[in-house]
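Put chain B on the given structure of chain A with help from the hints.
Protein chains in written order, with the numbering used here: chain A, 4 to 416; chain B, 248 to 554.
It is worth saying that the hints were derived from the structure and are not from the lab. All residues carry an ideal CB built from backbone N, CA and C; glycine is no exception. There is no bait here: all hints are sound.
Some chain A residues near chain B, calculated using beta-carbon distances under 8 Å:
1) Ala98
2) Leu128
3) Gln250
4) Tyr251
5) Asp257
6) Thr258
7) Ser263
8) Gln266
9) Ala267
10) Ser282
11) Phe285
12) Leu288
13) Glu293
Restraint ranges, calculated between C-beta atoms of paired labels, are given here:
14) B:Ile374 x A:Ala133: 42 to 52 Å
15) B:Ile374 x A:Pro179: 54 to 64 Å
16) B:Ala523 x A:Asp131: 11 to 21 Å
17) A:Tyr360 x B:Lys484: 51 to 61 Å
18) A:Gly403 x B:Gly371: 27 to 37 Å
19) A:Gly385 x B:Ala523: 39 to 49 Å
20) B:Gln519 x A:Ala133: 13 to 23 Å
Sample of chain A residues facing chain B (criterion: CB under 7 Å; computed from the structure):
21) Asp99
22) Leu101
23) Glu253
24) Thr256
25) Gly259
26) Lys262
27) Ala264
28) Ala270
29) Gly271
30) Gly286
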Amino acid sequence: MLLHGGRSKMEEQMRETKPRWAPRWLLLVSAIAMILAACAGETADTTTAATTAETTTPSAETTAPSAETTAPATDTTEAAGGEEYQVALIYPGTADDLSWSNAWWDGAAQAMEANPNISVESVELLNDPAAVVQQGSAFASEGFDLILIAHGAMVEPAHTIAEQFPDVLVCQLYNPAEGEEWAPNLCFFDIAQHNANFMAGALAAMVSESGHIASLNGFAFPALTRQPEAFNLGARCVTPDITFTQQYIETWTDTGIAKSATQAEIAGGADVVLSATDSAVFGILEGAAEADGQVWVVPSYYESQSLDPDHVMTSAIHGLTFASKSIIEAGAAGEIGESAFIDFDATNDPEIDAPLYDNIASMLSADQVALYEDILAKVRSGEIAIPDETTGDPTIGAEGAGAAIDPASIGCG
Amino acid sequence: MFTEALVLAFFVIGIQLMVPIVMAALGEAVAEKSGVLNVGIEGMMLIGAFATAYMGITRRSAGLGILAAILAGCVFGALLAFLYVNRGTDQIVTGLMFNIFALGLTGTLHSLYLAGQNGETLTGIVIPGIGSIPWVGEILNKQSLMLYLAIALAFGVWYLLNKTWYGLYARAAGERPLAAESGGLNVLRLRYPAVIVASALAALGGSALVLATSGGFVPGMTAGRGFIALGVVVLAKWRPLWIMIYALGFGLTQGLQFLAAQVPALQSVPTQFWVALPYLVTVIAVVFAPGSTYPAAVGIPYRRAGS
Chain A
4 MLLHGGRSKM EEQMRETKPR WAPRWLLLVS AIAMILAACA GETADTTTAA TTAETTTPSA
64 ETTAPSAETT APATDTTEAA GGEEYQVALI YPGTADDLSW SNAWWDGAAQ AMEANPNISV
124 ESVELLNDPA AVVQQGSAFA SEGFDLILIA HGAMVEPAHT IAEQFPDVLV CQLYNPAEGE
184 EWAPNLCFFD IAQHNANFMA GALAAMVSES GHIASLNGFA FPALTRQPEA FNLGARCVTP
244 DITFTQQYIE TWTDTGIAKS ATQAEIAGGA DVVLSATDSA VFGILEGAAE ADGQVWVVPS
304 YYESQSLDPD HVMTSAIHGL TFASKSIIEA GAAGEIGESA FIDFDATNDP EIDAPLYDNI
364 ASMLSADQVA LYEDILAKVR SGEIAIPDET TGDPTIGAEG AGAAIDPASI GCG
Chain B
248 MFTEALVLAF FVIGIQLMVP IVMAALGEAV AEKSGVLNVG IEGMMLIGAF ATAYMGITRR
308 SAGLGILAAI LAGCVFGALL AFLYVNRGTD QIVTGLMFNI FALGLTGTLH SLYLAGQNGE
368 TLTGIVIPGI GSIPWVGEIL NKQSLMLYLA IALAFGVWYL LNKTWYGLYA RAAGERPLAA
428 ESGGLNVLRL RYPAVIVASA LAALGGSALV LATSGGFVPG MTAGRGFIAL GVVVLAKWRP
488 LWIMIYALGF GLTQGLQFLA AQVPALQSVP TQFWVALPYL VTVIAVVFAP GSTYPAAVGI
548 PYRRAGS
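Next comes chain A alone, as it looks inside the complex (with noise of 0.2 Å):
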């Protein structure tokens, strides 16, 4: 009985019953949380400022260390003696994930610290280039002096907001292609990340017992397609026949997802993932300690020992904090010309390293140890020459480059 009202004259009183009270003021809760969620970087600057202070090295140089840098400066990229540098960061994560959003803006904190007159804001978990054109434009139009892009899939938003804004200084992760031209108010900057991650690769093929090494990536793009092919290129200059599997697992925060990846990784008979990704590192940490045998983790970015000392073999420290502190003050001082490029690598990036803890150290021959010591030493004075996505013969833009590359042919050996 209760299920058979009228259909048609129940419809219509239901139609009556359209809600007369808009949500407005849900509206204006989710404002609130906005402006929050937005507030989240500035509340993170002190604790992470302060963090940053003590476990980081101070960097020596101040200055980007390209000579593309020192390039007369133009009109829009200076600011006046005394005034406020006002730098816009965007990146994919947050402030205080303990990976490559966090390395920012510990450089970040970093020139603020030492240069008064700067003062940067963030704006976190931007990975929608529509959400990066918006944003950026809103500092720009509120005469920030330096909108900086620490995302590698924000070229085109870049280009855009260079181009709505050519009195603002736009800097954006890239590494553009011989001969490739661009607004003079946008710069590109390129880090070598997977410099650090070729040690991390050298490193894993000692400690692996498997013989069986593995990467877990974010997304498919050169600028990272690079680090995963990277690691493999540096275990196969230790150990030519090593097996190397990759996945891109196509998120940088689903734990869950990272956590399944790496258990079938273990499953196929890896025992050493390279995190390619961000936050999700944290789902393969605790696939690595599931497991029911001895398997290490590589985590990317950020000096991540502290978090599972027991299955982080090396961090892959990609210097993006040294990075983000030079590009800040460089552009602070008036140095970064027009249409510039700032390259970074592990020749003039000091913070670029896979370090060998002692944990790790102790499992090693004194042969290991010292044959790591040099690939190290090599790759830092170049005498290693790994090639990147866009320099070598091949490069290593595009999945499964690495595996074809000979590693004596590139100064292993």
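Same frame as chain A, but now just chain B:
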């Protein structure tokens, strides 16, 4: 090619991926049966995940984490119920706004209190008897308490909806609210607990996600599982026990991408195909699922005659 270890890992992974979706979908089934389309389950999962991580980190207790998730789900569920039921807001808009609210709120709280910290996790438990069965035991021994909780909840929700007076009345409110009202029922009072229970279950889904990984919280870590749960509910035609089966199907399909990476013959297939496959299958299944008709009054705000 397909080694025993790989096949076992495939099922272990599929079941792990299933658990949070089952919990969220069970809650959604309760809400929709009562006539409320709760699109906000993604946000509710985030809130549950945060609550669990918070208690796991600060109190070092997974149990308290589960309870905190349920409590948080109830509190925010009451807020949603107030909006959906009392205020009669558009349920899709409100749900979507709630998801944005939850993302911002949990992201902010994470930055303030939990950044870079890991909490308690639940490891696999061995069920006497079952644990020693070849293959089955090896797969189930890797599963945590949350799997068994999800199964128990599926039966519990089935019982609630089909064998209790509340289930009967709630379904009436979801199909013919005016008729139910004419029969002396208070539709608003029936929908209120349904939304709260749904929210608590969705929060429990977020809790399961945290407890199965690092015990820590990552902003946005639910990664669309709430929306998948919405699809699973439709596929299962709001039947709790079928929700488990469809969620398992989704988990196994999702697990294929990890298996494919280990099998040389499948490595030539683009990764994106495997990643998209479970979503593709879900969408196709929802479109072509025969007889998947929403409860008649779902999504339509109800106001009592004369109010």
